Amino acid sequence: GSRVSVTIHVEGMTCSSCVHSIEGRISTFDGVHNISVSLDKKEARVQFDPRRTTAEQLREGIEDMGFDATLPTNFV
Amino acid sequence: MATQKHVFNVEMTCEGCSGAVTRVLNKLGDKVAKFDVDLAQKKVVIESALSSDELLETLKKTGKETTYVGQEN
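Protein chains in written order, with the numbering used here: chain P, 1 to 76; chain W, 1 to 73.
If you're looking for bench data, these hints aren't it; they were derived computationally from the structure. Only a predicted model underlies this, so the values are computations on that prediction, with no experimental measurement involved. C-beta atoms are modelled at their ideal positions from N, C-alpha and C, and glycine is treated no differently. Any given hint could be a false lead.
[Said to hold, decoys possible] Pairs of lysine to aspartate or glutamate residues, derived as DMTMM-like cross-links and limited to a Cα-Cα distance of at most 20 Å, are as follows:
#1 W:Lys60 - P:Asp49
#2 W:Lys61 - P:Asp68
#3 W:Lys27 - P:Glu56
#4 W:Lys31 - W:Glu11
#5 W:Lys60 - P:Glu23
#6 W:Lys43 - W:Glu57
#7 W:Lys60 - P:Glu63
#8 W:Lys27 - P:Asp64
#9 W:Lys5 - W:Asp53
#10 W:Lys43 - W:Glu11
#11 P:Lys42 - P:Glu60
#12 W:Lys61 - P:Glu63
#13 W:Lys27 - P:Glu60
#14 W:Lys61 - P:Asp30
#15 P:Lys42 - W:Glu15
#16 W:Lys61 - P:Glu11
#17 W:Lys27 - P:Glu11
#18 P:Lys42 - P:Glu56
#19 W:Lys5 - W:Glu57
#20 W:Lys61 - P:Glu23
#21 W:Lys5 - W:Glu54
#22 W:Lys27 - P:Glu63
#23 W:Lys60 - P:Asp64
#24 W:Lys43 - W:Glu72
#25 W:Lys31 - W:Glu57
#26 W:Lys5 - W:Glu72
#27 W:Lys61 - P:Asp64
#28 W:Lys61 - P:Glu60
#29 W:Lys61 - P:Glu56
#30 P:Lys41 - P:Asp68
#31 W:Lys27 - P:Asp30
#32 W:Lys60 - P:Glu60
#33 W:Lys60 - P:Asp30
#34 W:Lys31 - P:Asp64
[As the list claims (entries may be wrong)] Far from chain P, by Cβ distances over 12 Å, these chain W residues were calculated:
#35 Gly16
#36 Gln41
#37 Glu65
Input sequences plus hints: build the corresponding full structure.
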């Protein structure tokens, strides 16, 4: 299938447990192929199928979990 | 509006976790009268008119292990 990659900026993670929560939950979303979250860089890199989900839905998913999530300004 | 105090155990390990719980509860706005997040005891007490099931759903959104303990007076 087709895949798109987006790096979402995430504020509010302070330990590896936060990282695991996000990876665990977002990886179950429909259309998500792969997610890797970096605590140091405060970002989540997500590979997804644009026909099944959108970057905005992924951002909302992280936001719903109680973190500040922002898409890169240049993302279309 | 009649509110009840519900107690939950939430598997929180750091301030990021308790901060996340605080934020999802804040998003409920008026539907939650008062809440207290206790990181050390891994306990969350919520005073709300919402049912324990609705509150449990909200807490589970954080992706953390959550169990309902019961009501508190």
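Next item on the list: With a cut-off of 20 Å on the C-alpha distance, tell me whether Lys43 of chain W and Glu11 of chain W pass.
Entry: holds (8 Å)
Notebook entry, point to check: Is the hinted pair Lys27 of chain W and Glu56 of chain P satisfied, with a Cα-Cα distance of at most 20 Å?
Noted result: Holds: Lys27 of chain W and Glu56 of chain P sit about 18 Å apart, inside 20 Å.
Check: Hey, Lys31 of chain W versus Glu11 of chain W, does the alpha-carbon distance stay inside 20 Å?
Finding: violated (23 Å)
Note to self: Would the hint linking Lys31 of chain W and Glu57 of chain W be met if the CA-CA limit is 20 Å?
What the structure shows: holds (14 Å)
Check: Are the Cα atoms of Lys42 of chain P and Glu15 of chain W separated by 20 Å or less?
Finding: With Cα atoms ~15 Å apart, Lys42 of chain P and Glu15 of chain W stay inside 20 Å; holds.
Note to self: Next pair to validate is Lys27 of chain W with Glu63 of chain P; report whether the Cα-Cα distance is within 20 Å.
What the structure shows: holds (10 Å)
Check: When you look at the beta carbon of Glu65 of chain W, is every beta carbon of chain P farther off than 12 Å?
Finding: violated (10 Å)
Checklist line | Pair hint outcome, Lys60 of chain W versus Glu60 of chain P [Cα-Cα no greater than 20 Å] | finding: With Cα atoms ~15 Å apart, Lys60 of chain W and Glu60 of chain P stay inside 20 Å; holds.
Notebook entry, point to check: Hey, Lys5 of chain W versus Asp53 of chain W, does the alpha-carbon distance stay inside 20 Å?
Noted result: holds (13 Å)
Next item on the list: For the pair supplied as a hint, Lys60 of chain W and Asp49 of chain P, confirm whether the alpha-carbon distance does not exceed 20 Å.
Entry: violated (25 Å)
Checklist line | Holds or violated: Lys61 of chain W to Glu23 of chain P, with C-alpha atoms at most 20 Å apart | finding: Holds, at about 13 Å.
Notebook entry, point to check: Holds or violated: Lys5 of chain W with Glu72 of chain W, Cα cutoff 20 Å?
Noted result: Cα-Cα ~5 Å, so holds.
Hints 1, 4, 31, 35, 37 from the list above are not met by this structure, while the remaining hints are.
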